[in-house]
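These protein sequences, in sequence, are chains A and B. Going by numbering that gives the first Met the number 0, the residue at position 110 of the first sequence is 109; the numbering climbs one at a time, nothing skipped. Going by numbering that gives the first Met the number 0, the residue at position 237 of the second sequence is 236; the numbering climbs one at a time, nothing skipped.
Do not take every clue at face value.
Calculated cross-link-like contacts (lysine-lysine; reagent style DSS-like; alpha-carbon spacing at most 30 angstroms) [what the hints assert, rightly or not]: (1) A:Lys69 - A:Lys250; (2) A:Lys250 - B:Lys133; (3) A:Lys265 - B:Lys210; (4) B:Lys131 - A:Lys250; (5) A:Lys252 - A:Lys59; (6) A:Lys195 - A:Lys52; (7) B:Lys210 - B:Lys91; (8) B:Lys133 - B:Lys91; (9) B:Lys216 - A:Lys253; (10) B:Lys261 - B:Lys296; (11) B:Lys215 - B:Lys335; (12) B:Lys133 - A:Lys252; (13) A:Lys250 - B:Lys91; (14) B:Lys91 - A:Lys139; (15) B:Lys131 - A:Lys265; (16) A:Lys252 - B:Lys210; (17) B:Lys296 - A:Lys265; (18) A:Lys265 - A:Lys69; (19) B:Lys333 - A:Lys265; (20) B:Lys216 - A:Lys265; (21) B:Lys215 - A:Lys265; (22) A:Lys69 - A:Lys252; (23) A:Lys139 - A:Lys265; (24) B:Lys89 - A:Lys250; (25) A:Lys253 - B:Lys210; (26) B:Lys91 - A:Lys253; (27) A:Lys252 - B:Lys91; (28) B:Lys215 - B:Lys330; (29) A:Lys139 - B:Lys89; (30) B:Lys89 - B:Lys210; (31) A:Lys195 - A:Lys59; (32) A:Lys253 - A:Lys195.
By construction, these hints were calculated from the structure, which means they are not laboratory data.
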Amino acid sequence: MALHIVVLVKQVPDTQNVSGQAMKEDGTVNRDALPAIFNPEDKNALEEALRIKDLWPDTKITAVSMGPPKASDVLKECLYRGVDDAVLVSDRGFAGADTLATSYALTCAILRLGPCDLILCGRQAIDGDTAQVGPQVAQKLGINQLTSVCAVREVTQDTITVVRGVETGYETVRSAFPVLITVSGAANDPRPPRAKLVMGYKNILCHAEDNYDESYIEPECALGVEHIKQWNMASIQADPERCGLSGSATKVKKIENVVLTATETKNIENTPQAITGLIHELVREHILG
Amino acid sequence: MQESGNVMVFIEHRDGMPADVSLELVCKARELAHALGVKVEAAAIGAGNAYEKESLGRYGCERVFAIEHPGLDGFTSVPYARALTHVISKHKPQIVLFGATTTGRDLAPRVASELQCGLTADCTDLQIGEHKSKGTVYANTLLQIRPAFGGNIVATIVSPESRPSMATVREGVMPRRELDSWHPAHVMYEEMAFTQADFPTRILEVERKEKTVDLKKAQIIVSAGMGASDSQALELVYELARILGGVVGASRPVVDAGIVPKEHQVGQTGTTVRPTLYIACGISGQIQHRAGMMEAKRIMAINSDPQAPIFDIAHYAIVGDVKQVLQHMIKAYKDKG
Numbered sequence: 000m001a002l003h004i005v006v007l008v009k010q011v012p013d014t015q016n017v018s019g020q021a022m023k024e025d026g027t028v029n030r031d032a033l034p035a036i037f038n039p040e041d042k043n044a045l046e047e048a049l050r051i052k053d054l055w056p057d058t059k060i061t062a063v064s065m066g067p068p069k070a071s072d073v074l075k076e077c078l079y080r081g082v083d084d085a086v087l088v089s090d091r092g093f094a095g096a097d098t099l100a101t102s103y104a105l106t107c108a109i110l111r112l113g114p115c116d117l118i119l120c121g122r123q124a125i126d127g128d129t130a131q132v133g134p135q136v137a138q139k140l141g142i143n144q145l146t147s148v149c150a151v152r153e154v155t156q157d158t159i160t161v162v163r164g165v166e167t168g169y170e171t172v173r174s175a176f177p178v179l180i181t182v183s184g185a186a187n188d189p190r191p192p193r194a195k196l197v198m199g200y201k202n203i204l205c206h207a208e209d210n211y212d213e214s215y216i217e218p219e220c221a222l223g224v225e226h227i228k229q230w231n232m233a234s235i236q237a238d239p240e241r242c243g244l245s246g247s248a249t250k251v252k253k254i255e256n257v258v259l260t261a262t263e264t265k266n267i268e269n270t271p272q273a274i275t276g277l278i279h280e281l282v283r284e285h286i287l288g
Numbered sequence: 000m001q002e003s004g005n006v007m008v009f010i011e012h013r014d015g016m017p018a019d020v021s022l023e024l025v026c027k028a029r030e031l032a033h034a035l036g037v038k039v040e041a042a043a044i045g046a047g048n049a050y051e052k053e054s055l056g057r058y059g060c061e062r063v064f065a066i067e068h069p070g071l072d073g074f075t076s077v078p079y080a081r082a083l084t085h086v087i088s089k090h091k092p093q094i095v096l097f098g099a100t101t102t103g104r105d106l107a108p109r110v111a112s113e114l115q116c117g118l119t120a121d122c123t124d125l126q127i128g129e130h131k132s133k134g135t136v137y138a139n140t141l142l143q144i145r146p147a148f149g150g151n152i153v154a155t156i157v158s159p160e161s162r163p164s165m166a167t168v169r170e171g172v173m174p175r176r177e178l179d180s181w182h183p184a185h186v187m188y189e190e191m192a193f194t195q196a197d198f199p200t201r202i203l204e205v206e207r208k209e210k211t212v213d214l215k216k217a218q219i220i221v222s223a224g225m226g227a228s229d230s231q232a233l234e235l236v237y238e239l240a241r242i243l244g245g246v247v248g249a250s251r252p253v254v255d256a257g258i259v260p261k262e263h264q265v266g267q268t269g270t271t272v273r274p275t276l277y278i279a280c281g282i283s284g285q286i287q288h289r290a291g292m293m294e295a296k297r298i299m300a301i302n303s304d305p306q307a308p309i310f311d312i313a314h315y316a317i318v319g320d321v322k323q324v325l326q327h328m329i330k331a332y333k334d335k336g
């Protein structure tokens, strides 16, 4: 069974581990001090794609990321785990894109890849937490979507059955291909990179596909993928008006750094006496029963 | 009644009842509509007879547009998006609000993509105000306020050039108030033809998971952060919650690490809580956490790091080993007589 799976991955600043060094003196975050990481739930999406390929080795997986050239790091991580192709969608004209413009550019890239059966992506990215790009890509491709998936139950030649985690519990749902699925962190434990693939791909380069430099000599690469394809706005035939800032419906009007507001704080000593005193005070005030 | 430019709320239903978050949003919509001098409308999509749609008037909704079809019994993306896009295109609201639930977060982006309009996720406040850009003044624009970047910044987002402005809001963020005197909402059924192709998702099984914890209603919450996430400390957190008659909360890293189930998560991406007493154990107090608990009446923070940001919003600060402090507290409460 030769499925074609596209996995959408994003490089994000590690907002979950804002350490002391990343805080400036005024109590705000120094973004440059945050490490760039593979968006956690995109790794879960990649893992689901790899599991399907484990079952059916004929499956072709293409990893696609949109971002600056440095975002090729997450595509390398995909290659280290066994994807068959990697595409970096990168253009200065994409800067400032909201989810509408991002989903448009990703859709153009997916269309250039040709027909695919399954598109997998993380439920949401930790920098924006919007969970919008997946459904918006599905809408633009005119295909079905299943979001917040916490388990893949069954994959057949033409359908996929998954479990969605919802507020009231779980829903087992089935869709025919093509379908876009957003995967939550509960779905799996992503596999580590394979040493052989790390060795093979650690020096892989990005190639702008449409102004190919003839003088460039391909490095010997026995592993299959010769380079990370780099596509710009023109290579995916994207309308510049629908990309980046001009293609974004939402605008940021104002950004305020959250500076901690002081409350009147009573310092309580860590001694049995002081803590007993506090408990008694709270009981007197009917805060504790 | 005004025919377009109103404020619309997508009404989600659960167990035959409108979801709490939808009613909260109708209340917020009332406020926004008042500022704009327009009306509140609702879009109700389902298999029919789920609840008395007229009763949405209790919260200030004047018109309900209903689309009913047997295939719309459970939520699936494609037909719901088609139905809602139809209602929005026909009635042209200027604002559409959704609960930031698994349903709202699935439906709203698909509809926004179809209508090519702006959508802001997880707003913590919505206001009507002015926006100036490149010499153009947009009066009466929806100002969508949300924490971003892991909660370290607060952004005000506008989408003045596309209509409608759409936003999602989490449950519990907006207060819910019934009107003292109200009129039943006027329900209008919209005709729409569906074909088999509109239902590409088959719901095979629905498994109910009883809520084991209700953070929103809790008066006392004892919350564990990474500084109280080893088994010994966690045991003490659970014990303190039990003897105080409270419930256990947790910060996002503890939930992400799989130590405490997701339904215990307090914060911007978890549950927003307003207890009488919030005891933060080993929680550093990142903004995304604080956004979800800073309205607690009293905040007690226990942390070994005197620089932890949580202390800045705490009414009671205890610097020390979390386990030791919890042991002292448990003993003090048991001995209080």
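Hint by hint, work out which the structure violates, then give me just those numbers in ascending order.
3, 5, 7, 9, 15, 16, 18, 23, 25, 30, 32
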